[in-house]
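Undergrad: Order-wise, the sequence lines are chains A and B.
Position 146, counted from 1, in the first sequence is what numbering that gives the first Met the number 0 calls 145; the numbers after and before it change by one each time, with no gaps.
Position 97, counted from 1, in the second sequence is what numbering that gives the first Met the number 0 calls 96; the numbers after and before it change by one each time, with no gaps.
Be aware that one or more of the hints could be misleading.
As the list claims (entries may be wrong) - Which residues of chain B face chain A? A few of them, derived with a C-beta cut under 8 Å, are:
1) R217
2) L218
3) S221
4) V223
5) E234
6) A236
7) N243
8) W250
9) I346
10) R347
11) W355
What the hints assert, rightly or not - What follows is a set of in silico ranges between Cβ atoms, one per label pair, in the way DEER data are often shown:
12) L352/B <-> A181/A: 23 to 31 Å
13) A60/A <-> R147/B: 27 to 35 Å
14) S119/A <-> P279/B: 53 to 61 Å
15) R127/A <-> T206/B: 29 to 37 Å
16) Q13/A <-> R176/B: 54 to 62 Å
17) R337/B <-> Y249/A: 49 to 57 Å
Honestly, the hints are just simulated from the structure, not real lab data.
Since the model is a prediction, treat every value here as computed from it, not as a measurement.
The beta carbon of each residue, even a glycine, is placed where N, CA and C say it ideally should be.
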Amino acid sequence: MADTILSVDNVTMQFGGVTALSDVTFGINRGEILGLIGPNGAGKTTCFNVITGVYAATSGAVTFDGQPLAGLKRFQITKRGIARTFQNIRLFPDMTAVENVMVGADANHKTSVGGALIGSRRHHREEREGRDKAMELLTFMGIADRAGDAARNLPYGYQRRLEIARALATSPKLVCLDEPAAGFTPAEKQELMDLIRRIRAQGYTVLLIEHDMSLVMGVTDRIVVLDFGKVIANGTPSEVQNNADVIAAYLGVPDDAA
Amino acid sequence: MSLSETFKSLTSKPAHVVSGVGERIGDLPKVSRWSLIGVFIISLYLMPWWPKVPVLGWIVDTPGTSFEGVITDKVVIYVLVALGLNVVVGLAGLLDLGYVGFYAVGAYTVGILSSQHANLPWLVCVPIAVVVSMLAGVILGTPTLRLRGDYLAIVTLGFGEIIRISANNAEWLGGSRGISKIAKPPNIGPLKFGILDAKPYFFLGLTVIIVVVFLLRRLENSRVGRSWNAVREDEDAAELMGVNTFKFKLWAFAIGAAIGGLAGTLYAGKVRFINPSNFPLQLSILFLAAVVLGGTGNMWGAILGGAVVAWMPERFRGFADKRVFVFGVALVLVMVFRPQGLIPRKIRKERWLANWGPGASARQSAEEVSRG
Chain A
0 MADTILSVDN VTMQFGGVTA LSDVTFGINR GEILGLIGPN GAGKTTCFNV ITGVYAATSG
60 AVTFDGQPLA GLKRFQITKR GIARTFQNIR LFPDMTAVEN VMVGADANHK TSVGGALIGS
120 RRHHREEREG RDKAMELLTF MGIADRAGDA ARNLPYGYQR RLEIARALAT SPKLVCLDEP
180 AAGFTPAEKQ ELMDLIRRIR AQGYTVLLIE HDMSLVMGVT DRIVVLDFGK VIANGTPSEV
240 QNNADVIAAY LGVPDDAA
Chain B
0 MSLSETFKSL TSKPAHVVSG VGERIGDLPK VSRWSLIGVF IISLYLMPWW PKVPVLGWIV
60 DTPGTSFEGV ITDKVVIYVL VALGLNVVVG LAGLLDLGYV GFYAVGAYTV GILSSQHANL
120 PWLVCVPIAV VVSMLAGVIL GTPTLRLRGD YLAIVTLGFG EIIRISANNA EWLGGSRGIS
180 KIAKPPNIGP LKFGILDAKP YFFLGLTVII VVVFLLRRLE NSRVGRSWNA VREDEDAAEL
240 MGVNTFKFKL WAFAIGAAIG GLAGTLYAGK VRFINPSNFP LQLSILFLAA VVLGGTGNMW
300 GAILGGAVVA WMPERFRGFA DKRVFVFGVA LVLVMVFRPQ GLIPRKIRKE RWLANWGPGA
360 SARQSAEEVS RG
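Only chain A is shown next, with the shape it has when bound in the complex:
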C-alpha cells in the first residue's frame, strides 16, 4: 500500500439504466505514468470524473493518499492533490494565460475578501508567489511568450499546454491528463511525450487517457485497459499489446475464431 497513491476499488457508475463503469479496480503507484485506454465509450472519462469528484460513484470507493475521497467537494479533492485537464479544452477564455495559471496557483492560497481589501502582507506575498509560479510553469510548458494574451486568442497547441500548466499550478500529487494529444501533429505528440516525461521527473504522478497508441505505448509505465466499463487488462505496455482481450476489444474477433 505504501507506494499506491490512488486506488480505485470496485467502482460502479450507473446513469439510469446505463452502466458506464462496472466494478472497476486499479491503482496508481507514486511516481508512475499510468495510461488509461480503451475504445470510444469504454468509460475512460467517466472514470476521470469519478476520481476528480465530478460524479459520485454508485458504489465502490476511491482512496487517495490513504484517505477516502467520498463526500469531498470537487475543490477539496483538488486541494488534496488531484489536478486534471479536460478532453474539450476548458480554459477561462477571457482571462490571460498567466491569470489562468494563477487561478490554479490560488488553490494553495488563503487570501480572501478581508486580506484583499486591506492589502495585507499575505495578499502581496501570494500575488507574487502566484505570478512567479505561473511564469515558471508557462516557461516549463514553453508558452511563456504569450503569457499576457487572452486564453481564447492562443493557438490550439498553446491552449492544450496552458491547461496542463494550470493543472500543475495547483501543486498536485497526481495529474490527470484527458487526451492531451487530441488534434496534435506527430511532431507535437513527440514533444508532448517528452513533456510528460519531464512532468514525471519533477515528481508528479501522471494518469493519462489517450487514444494515440504510439504515445501511450511510448510514455507509460503501465496501462489499464477499459472496455464497456470493465477493466480487461492491466500491465506493462508490452503485456497489454499482446493481451488477447485487448486485441479483441480494439480489432474485434475474427469470424473463424468466434
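Given chain A's structure and the hints, the job is docking chain B onto it.
TA: Frame of chain A, contents of chain B only:
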C-alpha cells in the same frame, strides 16, 4: 438556450483587446497619471456647476428639473447601485433580477432605526444598514447559490418582490404609508445637509462612490477577483481548479448586497421619506439595464451606465409623455451598436510582464504596493 445563457452570450462577447483610455492613462508616467486622475476627480466634484459651462451645459442640463436634484437623487444612487450589481452580474456572472431588494433593505433599516422605532443618528444607522443588507445577501444566497442560471434569476426576482410586498403589509415597517422623518446626514463643517441645497448630498455620494471604487479595485486585482472571473467564465472548471465556487459566489452576493444597501441609506438620508412604491420590480430591471448598457464586468462601464440610465430620462423630459419611449430607443440603439456596452470588459493587461525576469518580481511587487 436558457435565459441566463442568452443573457451571458449577449453580454459577454469576447472582451476587447484594444487599448482603451484607461490603458493609455496607465501607461503614462506616474506624475502625469496622478495629475490626470486628480483633475478628473475635481471635475466630478464640480458637477453641480456643469450646466453653467458652455456646450457641456447644453448637453447635460435637464430642462424642467433641477440638474442638482437629478445628480443627487438619481445619478449618484444609480452609479453606486450599478457598481454593486456589477460585482454580482459582471464579475461573478450571477444573474440577479431582484437587486432592488437589497437597496430597499438598506433604506428601510435606516428608516426603522432613525425614525420608526428608534432615534439613532444617520451615521450610526449606515454601518448597521450595510451589515443588515449584507446579511440579507447571505440569507438569500446560501440556499439559492446552489442553483444555477435561470433558477437563480427567478429566485432573486422573487426576493425583490417579497421585500416590497412585506414592507407593504407589515405595519411595523410603516405599511403602504411608509416611513417619514428619516434622519439626515450630520453637517460636516461648511456642508449643511438641509432641504434646499442638494450639493452636500452630492458631495457625500460622490465621496462614497470613490471609496467604493477604490475598494472594489483592490478586490478585482486579487485572488477574490480572479476567482469571480473564473466562476463567470467556467464554473465547473473553476471548481476543479480548486476554487471554492460557493464561497466566492456568496461573497459576491454579500458585497453586492452591501453596496446596494449603502445606496439605500444615501437615498433614505436624502429624501427622508420612503414607502414600498419606491422599490418596484421595474427598478431592478433598470439597475440591470445600467450595468449591461455600461458594459458588464467593467467597473467604469457600470459607473457610466448607471449615470446614463439615471440621467437620460430627465434629459428628455422635454418630450413629456414620450420621454420613456425616447429613452427606450436610445437604449436599443446603444445595444445594437455597442452590444458589449459603452465601455466593454477588457482583457487584463499584464503590465508587469514587460520587465518580468528572474528576480524581477520582488521589485515589481514593491512598485505595485506603492501604486496601490
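Undergrad: Taking the Cβ atom of L352/B and the Cβ atom of A181/A, is their distance within the range 23 to 31 Å?
TA: holds (29 Å)
Undergrad: Taking the Cβ atom of A60/A and the Cβ atom of R147/B, is their distance within the range 27 to 35 Å?
TA: Roughly 29 Å apart at Cβ, these two residues keep to the hinted range, so it holds.
Undergrad: Within 53 to 61 Å or not, the Cβ separation of S119/A and P279/B?
TA: violated (41 Å)
Undergrad: Could you say whether the range 29 to 37 Å given as a hint is met by the Cβ separation of R127/A and T206/B?
TA: This hint holds: roughly 32 Å between Cβ atoms.
Undergrad: Next item in the hint list is I346/B. Is there a CB on chain A closer than 8 Å to its CB?
TA: This hint holds: I346/B lies near chain A, its Cβ roughly 5 Å from the closest one there, short of 8 Å.
Undergrad: Under 8 Å, Cβ to Cβ, is where V223/B needs to be relative to chain A, so tell me if that hint holds or is violated.
TA: At about 5 Å, which falls below the 8 Å cut-off, the nearest Cβ of chain A leaves the hint on V223/B intact, so it holds.
Undergrad: Report holds or violated for the interface hint on R347/B, using the least CB-CB distance to chain A and a cut-off of 8 Å.
TA: holds (5 Å)
Undergrad: Can you let me know if the beta-carbon spacing of R337/B and Y249/A is within 49 to 57 Å?
TA: holds (54 Å)
Undergrad: Is the hint on L218/B kept, meaning its closest Cβ partner in chain A is under 8 Å away?
TA: holds (5 Å)
Undergrad: Using the nearest Cβ pair, does S221/B come within less than 8 Å of chain A?
TA: holds (4 Å)
Undergrad: Identify whether the interface hint at N243/B stands, where standing means a beta carbon of chain A within less than 8 Å of its own.
TA: The hint holds - N243/B has a Cβ within 8 Å of chain A, the shortest such distance being about 5 Å.
Undergrad: Min Cβ distance, R217/B to chain A: is it shorter than 8 Å?
TA: holds (6 Å)
Of the numbered hints listed earlier, those contradicted by the structure are 5, 14.
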